[in-house]
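Protein chains: 2
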Amino acid sequence: MLNIYYHPMSFPSLGPVFTAEAIGASYNKTVVDLLNQEQKSPEYLAISPYGKVPALTDGDFKMAESAAIMRYMARREKSDIYPSDIKAQAEIDQWMDYVNHHIRSAVGRVQFNRVVAPMMGVRADETSIKVGLKFLENNLPVLEARLSDAAFLCGDALTLADLALVAALEPVKMAKIDMTPYPTLTAWLTARRGETFYTNIHTHFGAEMGQ
Amino acid sequence: MLNIYYHPMSFPSLGPVFTAEAIGASYNKTVVDLLNQEQKSPEYLAISPYGKVPALTDGDFKMAESAAIMRYMARREKSDIYPSDIKAQAEIDQWMDYVNHHIRSAVGRVQFNRVVAPMMGVRADETSIKVGLKFLENNLPVLEARLSDAAFLCGDALTLADLALVAALEPVKMAKIDMTPYPTLTAWLTARRGETFYTNIHTHFGAEMGQ
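Chains as they are written, first to last, in my numbering: chain A, 1 to 211; chain B, 1 to 211.
Simulated from the structure, these hints should not be mistaken for lab results.
For glycine and all other residues, C-beta sits at the position ideal for the given N, C-alpha and C.
Watch out, some of these pointers could steer you wrong.
Stated by the list, open to error - Partial selection, computed: residues in chain A whose CB lies under 8 Å from chain B:
| no. | residue |
| --- | --- |
| 1 | I86 |
| 2 | E91 |
| 3 | D97 |
| 4 | K176 |
| 5 | D178 |
What the hints assert, rightly or not - Keeping only pairs whose Cα atoms sit at most 30 Å apart, straight-line, the calculated DSS-like set for lysine-lysine is:
| no. | chain 1 | residue 1 | chain 2 | residue 2 |
| --- | --- | --- | --- | --- |
| 6 | B | K62 | B | K78 |
| 7 | B | K29 | B | K40 |
| 8 | B | K176 | A | K87 |
| 9 | A | K173 | B | K78 |
| 10 | B | K78 | A | K87 |
| 11 | B | K176 | A | K134 |
| 12 | B | K87 | A | K40 |
| 13 | A | K134 | B | K173 |
| 14 | B | K40 | A | K134 |
| 15 | B | K87 | A | K87 |
| 16 | A | K62 | B | K78 |
| 17 | A | K87 | B | K29 |
| 18 | B | K62 | A | K87 |
| 19 | A | K29 | B | K87 |
| 20 | B | K134 | A | K134 |
| 21 | A | K130 | B | K173 |
| 22 | A | K130 | B | K130 |
| 23 | A | K78 | B | K87 |
| 24 | A | K173 | B | K176 |
| 25 | B | K78 | B | K29 |
| 26 | A | K78 | B | K62 |
| 27 | A | K78 | B | K78 |
| 28 | B | K40 | B | K62 |
| 29 | B | K176 | A | K130 |
| 30 | B | K130 | B | K176 |
| 31 | A | K134 | B | K62 |
| 32 | B | K87 | B | K62 |
| 33 | A | K62 | A | K78 |
| 34 | A | K130 | B | K40 |
| 35 | B | K134 | B | K176 |
| 36 | A | K40 | A | K29 |
All chains should be modelled from the sequences, with the hints used to inform the complete structure.
Structure, rendered in structure tokens:
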């Protein structure tokens, strides 16, 4: 049985959970109590050697890293969201990495400094927020153009790249990131949030935390 | 024929080049003139839709993103550096992503602000340097421990994860990142830099630029 270790406020955690739902895998979810540093406990370090969420166990097999877990689950179930053709895989890999390097990390900078830092009593780094917003200003138009040309990032069907994008954009409202310059992307995101892979998990990001 | 579009000072570019060498693929290299913004030219944007290096063409097929290109080339050649077993792939994917998210991005912060910013006449962001160094202080011990237990990141044979790590650590000397707390990792890196996948490319990072 697949067991996903995650935290509802860790948006990289959501990619594996969305994937498990999208492919109809039978799985369990275990919340790792990040607020109490459970991710650094010996028990958890035996699963994820560097103490981060998400992680996955599949019987005795253990692994970490959001995109790697998503690929593993899709391959295990031989799902069409990650087809076996190497060029199709290459295109999906490209857009997953693009989303994680250029979108998720930038959203993370803004989210951390505007939402998490105040919760932790840490001073927000305004330069990091500016860099994050600049990254998004440079990169969100790429996605706006891409989704104006096709229904999904890699053509006419949902793939792992789309699930990675939905996860990466989860905190935009909470982090007060202005999405109005990107109407196609915004409509696309709203549509994805109406699909069962999303509605089976929550109504909106932060719902489990009462945010 | 594979054609890798790259720049010698872009260390994410080096992963695909090392991979092509390691698997013995027949390939061409094309330098993209980043200093003259060639990456934003219409010709290059037709290859990489968001104007970044590296990119790859394989006949009519075009793609971008360092790790995605590395996987594609290894799959195309059915190379043992990315075996077909899904658990082996998952472990390699995990360590590639770990390296790219936690090491490459942190080295990039320090390298950009200590080396590239002065070349561009941009003011260095000292906070970003501090964050990068803190990330490395938190994450390099994970690699030091990992490589104390095994010859390579994923066991007893070289994989794509190792090539990603060599690429990610290319600028440590230039960026004046202290590696003395990590003797096993440093010795490992020196050994990898003696292998033909490396020596066929250059003697050291920055050599092509006279640095």
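Now the hints, each set against the structure:
{"no.": "1", "hint": "I86", "verdict": "5 Å, holds"}
{"no.": "2", "hint": "E91", "verdict": "7 Å, holds"}
{"no.": "3", "hint": "D97", "verdict": "4 Å, holds"}
{"no.": "4", "hint": "K176", "verdict": "21 Å, violated"}
{"no.": "5", "hint": "D178", "verdict": "21 Å, violated"}
{"no.": "6", "hint": "B:K62 with B:K78", "verdict": "19 Å, holds"}
{"no.": "7", "hint": "B:K29 with B:K40", "verdict": "18 Å, holds"}
{"no.": "8", "hint": "B:K176 with A:K87", "verdict": "39 Å, violated"}
{"no.": "9", "hint": "A:K173 with B:K78", "verdict": "44 Å, violated"}
{"no.": "10", "hint": "B:K78 with A:K87", "verdict": "14 Å, holds"}
{"no.": "11", "hint": "B:K176 with A:K134", "verdict": "27 Å, holds"}
{"no.": "12", "hint": "B:K87 with A:K40", "verdict": "24 Å, holds"}
{"no.": "13", "hint": "A:K134 with B:K173", "verdict": "29 Å, holds"}
{"no.": "14", "hint": "B:K40 with A:K134", "verdict": "17 Å, holds"}
{"no.": "15", "hint": "B:K87 with A:K87", "verdict": "21 Å, holds"}
{"no.": "16", "hint": "A:K62 with B:K78", "verdict": "25 Å, holds"}
{"no.": "17", "hint": "A:K87 with B:K29", "verdict": "20 Å, holds"}
{"no.": "18", "hint": "B:K62 with A:K87", "verdict": "9 Å, holds"}
{"no.": "19", "hint": "A:K29 with B:K87", "verdict": "20 Å, holds"}
{"no.": "20", "hint": "B:K134 with A:K134", "verdict": "23 Å, holds"}
{"no.": "21", "hint": "A:K130 with B:K173", "verdict": "29 Å, holds"}
{"no.": "22", "hint": "A:K130 with B:K130", "verdict": "17 Å, holds"}
{"no.": "23", "hint": "A:K78 with B:K87", "verdict": "14 Å, holds"}
{"no.": "24", "hint": "A:K173 with B:K176", "verdict": "39 Å, violated"}
{"no.": "25", "hint": "B:K78 with B:K29", "verdict": "21 Å, holds"}
{"no.": "26", "hint": "A:K78 with B:K62", "verdict": "25 Å, holds"}
{"no.": "27", "hint": "A:K78 with B:K78", "verdict": "19 Å, holds"}
{"no.": "28", "hint": "B:K40 with B:K62", "verdict": "16 Å, holds"}
{"no.": "29", "hint": "B:K176 with A:K130", "verdict": "26 Å, holds"}
{"no.": "30", "hint": "B:K130 with B:K176", "verdict": "13 Å, holds"}
{"no.": "31", "hint": "A:K134 with B:K62", "verdict": "27 Å, holds"}
{"no.": "32", "hint": "B:K87 with B:K62", "verdict": "28 Å, holds"}
{"no.": "33", "hint": "A:K62 with A:K78", "verdict": "19 Å, holds"}
{"no.": "34", "hint": "A:K130 with B:K40", "verdict": "23 Å, holds"}
{"no.": "35", "hint": "B:K134 with B:K176", "verdict": "14 Å, holds"}
{"no.": "36", "hint": "A:K40 with A:K29", "verdict": "18 Å, holds"}
Hint check: violations occur at hints 4, 5, 8, 9 and 24; the rest are consistent with the structure.
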